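Taking the UniProt record's numbering, the leading residue of the sequence shown gets 1, the next gets one more, and so forth.
Incorrect hints may have been included.
What the hints assert, rightly or not - Label-pair restraints from in silico Cβ distances:
#1 E199 x D151: 38 to 48 angstroms
#2 D74 x L393: 15 to 25 angstroms
#3 M75 x V341: 44 to 54 angstroms
#4 A240 x G198: 29 to 39 angstroms
#5 T3 x A236: 27 to 37 angstroms
#6 G149 x P374: 23 to 33 angstroms
#7 A173 x M75: 46 to 56 angstroms
#8 D148 x R98: 37 to 47 angstroms
No lab work stands behind these hints, which were simulated from the structure alone.
Quick caveat, the model's predicted, so the values are computed rather than measured.
All C-beta atoms, glycine included, are put in the ideal place defined by N, C-alpha and C.
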Amino acid sequence: MSTELHVDCAIVGGGPAGLVLALALVRRGIRAVVMEKHADFLRDFRGDTIHPSTQDLLAEFGLLDAFLARRHDDMQRVTFSWYGTELTLADFTRLPTRRKVMTFMPQWDFLDLIANAAARHPEFTLLRSTRATGLIHDGGRVVGVTGDGPDGEVSIRARLVVDASGRDSDVRAAAGLAPMGMASAMDVLWFRIPKAAGERQPFIQAGSGLVIAIDRGDFFQVAHVIPAGTWHGTDADLDATKQRVGRVAPSMADAVAAITLDDVHLLRVRLERLRRWYVDGMLCIGDSAHAMSPAGGVGINLAIQDAVATARILGSALREGTPTPADLHRVQRRRMWPTRVTQFVQHRMQGPLIAEREQDAPLPFALRMLRDHPRLTRVTARFVGLGARPESL
């Protein structure tokens with residue numbers, strides 16, 4: 001069985017960038033289809049930080065109350081434990097935003113919220129369990145995308161195709177777009193450990209590497225930053241990981257001692273971006289345009305800001321006709337500067353994040369500055385909480 005659809009915008013990828021773009025477009029009366037390869041949003045080890053600027057966007061969408069009604073945790077300050085010495089990395093309490101906190105919510109809950117809001121508009125269609133298989137061309141222009149869904153082949157004709165399918169995008173490759181990368185010095189190991197009733201762990205602990213603990217209610221989701229290329233999935237790698245985490249976070253040592261190789265998931269960190277985000281008829285946003293490091297948890301924020309800028313800049317063109325390459329270039333021009341700034345900072349952060357130092361070693365210079373000059377934590381809060389170039393509807 002074959003299905004053919006005709007819409008204004010076909011979006012590949014039902015992550016934060018794709019769904020927020022769809023919501024922003026259908027609110028403008030623009031027909032949008034999102035093609036999502038999974039049946040649901042329930043995937044573990046995904047970013048779940050909702051920054052203050054994103055919460056302002058939720059308020060503009062009229063969704064902030066619904067967002068806050070879902071299970072979440074707020075953080076006014078990002079704190080940091082260096083071998084037991086407590087420091088503040090970012091203080092959100094003075095940001096010019098509605099909510100002066102960074103909020104943690106499982107990404108599947110956030111995506112459900114956005115998808116449900118978009119579904120209230122007749123212009124929105126979400127195709128689940130549908131994997132993009134190729135692009136449709138007319139002459140030298142992209143005019144649609146094909147997919148394989150539960151009921152067979154899908155063909156979507158659109159004035160614009162937006163690829164928001166992530167850093168390993170086949171759609172991007174089919175368009176002949178290839179990213180350029182900066183050397184990444186780190187990878188991230190993700191795993192879970194059980195949580196006892198009333199137990200608390202510092203959000204970030206460091207010294208001999210870096211350990212982040214996200215409180216999921218009945219367990220901690222743990223990220224451990226390691227030097228790039230040093231994890232090969234062997235028993236020796238697992239033993240070394242347990243020893244490093246035990247040195248940095250002694251309170252986790254017993255729980256981490258029980259994890260197995262099957263419990264550990266590797267994220268190979270890539271810092272890369274496209275020189276050109278578009279071809280005639282197709283635009284890349286989010287991780288498809290620029291893969292970010294998990295440092296600062298800013299990747300989701302940046303992707304959502306891409307989506308909002310895309311809808312604002314291209315909304316009129318999609319309502320009135322077909323966006324031109326010049327229109328698509330306007331989106332790239334708007335969003336390239338914050339991408340470059342963010343990646344530059346993340347690249348500079350890699351060394352301090354993975355450095356192994358003895359317990360009696362002095363604090364790194366950047367941490368000494370934050371300790372001795374607390375006002376600097378407002379600067380880091382703006383970078384993390386707002387981003388280099390916040391967007392609005």
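Query - Index of numbered hints that the structure contradicts, given in increasing order - result: Structure breaks hints 3, 5, 6, 7.
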